[in-house]
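Colleague: Use these hints to put chain S onto chain G, whose structure you have.
Chains as they are written, first to last, in the numbering used here: chain G, 897 to 1143; chain S, 195 to 603.
In case anyone wonders, no lab produced these hints; they're calculated from the structure. The beta-carbon is built from N, C-alpha and C at its ideal position, and this holds for glycine as well. Among the clues, some could well be false.
As a list, the in silico DSSO-like pairs of lysine-lysine whose alpha-carbon atoms are at most 27 angstroms apart [stated by the list, open to error]:
no., chain 1, residue 1, chain 2, residue 2
1, S, 362, S, 479
2, S, 553, G, 1070
3, G, 1046, G, 960
4, G, 1124, S, 390
5, S, 470, G, 1124
Okay, the calculated bits of chain S under chain G, using three or more residues with CB under 8 angstroms as the criterion [as the list claims (entries may be wrong)]:
no., segment
6, 220 to 231
7, 537 to 546
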Amino acid sequence: MIRRHALRRILTWVAGFVVLGFRELWAEAPAASEAEGAGEGPWYGMGIDVEKCIGCGLCMQACKTENDVPAEPHFVRTWVEQYVTQTDGTVAVTTIRPGEEREATPERNVLHSFFVPKLCNHCANPPCVQVCPVGATFTTKDGVVLVDSKRCIGCGYCIQACPYGARYLHPVTKVADKCTFCYHRIEKGLLPACVEVCPTQARVFGDLRSPASPLRRMRRMHKTFVLKAALNTEPKVFYSGIDGEVR
Amino acid sequence: MTPAVAAGLGDLAQRVTGFAYPNEIEVHWSILIVCYPYLTGLVAGAFILASLVKVFNVREVQPVYRLALLTALAFLLIAPLPLLLHLGHPERSYEIFLTPQLRSAMAVFGFVYAWYLMVVLLMEIWFEYRRDVVLWTRNERGPLRWFHRAFALFSSDVGPRAVAADKKGVKIITVIGIPSAFLLHGYVGFIFGSVKANPWWSSVLMPIVFLMSAIVSGIALVILIYMVAWPLRGRAIDMACLDRMASFLFYAVIVDFTLEALDFTHRLYESEESIKILAEMVRGKLFISLVVIQVLLGMIVPLGLMVITKLLSVEAELRKLLYFASVILIQIGIFSTRWNVVIGGQLFSKSFRGLTTYKMELTGIEGLLIAVTLLVLPFLALTVLFRLLPPWPDDTPREAEATGSVASS
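Same shape as in the complex, but just chain G (with noise of 0.2 angstroms):
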């Protein structure tokens, strides 16, 4: 009889779980997706006109200095990548190493060559905040995806998830790092670090809501693209003058 009463006791209480499970699953199920028009106040992103980067890696540099991103180039949190694609098709891939000095790419057998700036897409249909198994990485109201340091455990499972390779393992700090939009500056108005050194002004950070922006501008004025469209991750970095090679 009392374990009768004892085995109720314990159903109840897992069905009482479910179903709170279920509930906060429900209430935490993203919208089908957060276009620029809906909502209220900034949604940031960021603007990339390929055509314009130089290849420089200032942004590079300035992101490691604002940020303390470990000086070793396997731990980053943007980066430049140069494609060369010869007339044959192939094309070969690198990533440029700041203050480092370059051949310059040969003409000949060269079909064309670009720069790609490359940094995490704050995607608005995040797959690294979906799997984080502690709530640790989240997106704020504005839309930065952004990692809680303090709660992190370190499990890795948003650098596996991420597409686009942005993520890292601080080996200092043991969470996981990335790219912030430099929101402890857009939080005063002033612009990430990388944008505000780039020489070109090939990066455009802005406010994807506000029709006075730059990005809002530049979207005007290019057809752009986001990476790997096809995973709907739906990135709000937007490239402009890529080819399909990029992923």
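Modeller: Relative to chain G, chain S alone:
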């Protein structure tokens, strides 16, 4: 970061063939994460073997029923350790239980694990052993007696009604247990299969392939322990039991092999964007671990050996030898399967333009020595469990003894 670590990463960067994103040089999920699905797979597989006895009344396998349950428990106790050791902040691991983010597949870990340990395994073992434990306490002294009394929750009723209730309990828990075992390992497969960013992992078949390979590895493990532990305790191996288990193993390997072949064919036939880099990886960095160890040594050779035992009338001693060789090969093969999933999924760049390298440390938390320790620990745990709850069928107090004691009390 120490200069040695930085130099190590620099060295790895040199070994990238093609192009990889800069943050991909470091392989984040190491050998410890290979151990985790391997260990949980053994738990699920051993439990499913045990369930065959109770749910499907496969009487030949009865001698290893308790062994299978204890094996599942021993491996389940150690299974979370590699995860814990791998965390950047293990001291915060309790957050998964206290404030889980319920949209995360990984957050469900705490609940699945707790459910399986508390509701399924411990309760089934309790119902199964209670009568015997109560009877053992009558002739025992010292700490073991206290352990057994506490284990039985100080119950002492071994009358027919109580024993019948225990049997009913075992039956109910087993019925709940089978879907739970499926959940436990299917869930581990889901953790990988649901990562859409990674084409090597992202597959709806992943949980099912994980589950079937878990059943294969679990049955093989119980056979292995049975063939080693029984002779060590001076007990004869029951050939009917061994043949039946080997038969289950044979069919499980065939299903597992078919599923993996389906997955492979499907990928090749669909030939998506990632196929070139994946093919390059399979032909190159994964050739030994996937083609040679997982498929050839871990599946085709054991299948061949088991076919020999089925087709030819092989005498018992040789049959034992062939079974023994098969289960050892299968264990190595399934460990290799886990390796190929976990490490393989990180060896290609998500730019699909290059391959990286995983260099395993020898010492250090994510090193080989810790991994070997974690693979040995469940066997130590099992030895302790054998002492506390002997699984040997002839240690079970006889019916007359039980009824006699009840009559006298």
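Colleague: Does each hint fit the structure? Answer for all of them.
Modeller: Do the hints match the structure? See the list:
1. Distance hint between residue 362/S and residue 479/S is unfulfilled; the C-alpha atoms sit about 52 angstroms from each other, more than 27 angstroms.
2. Pair hint residue 553/S plus residue 1070/G holds up; C-alpha atoms about 20 angstroms apart against a cutoff of 27 angstroms.
3. Between the alpha carbons of residue 1046/G and residue 960/G the distance comes to roughly 21 angstroms, so the proposed pair stays at or under 27 angstroms and holds.
4. Distance hint between residue 1124/G and residue 390/S is fulfilled; the C-alpha atoms sit about 11 angstroms from each other, no more than 27 angstroms.
5. At most 27 angstroms may separate the alpha-carbon atoms for a hinted pair to count; residue 470/S and residue 1124/G meet this at roughly 17 angstroms.
6. With 3 residues having a beta carbon nearer than 8 angstroms to a beta carbon of chain G, the segment 220 to 231 of chain S meets the requirement of three or more and the stated coverage holds.
7. Evaluation of the coverage hint for the segment 537 to 546 of chain S: fulfilled, as 6 residues show C-beta separations to chain G shorter than 8 angstroms, against a requirement of three.
Of the numbered hints given earlier, the model fails hint 1 alone.
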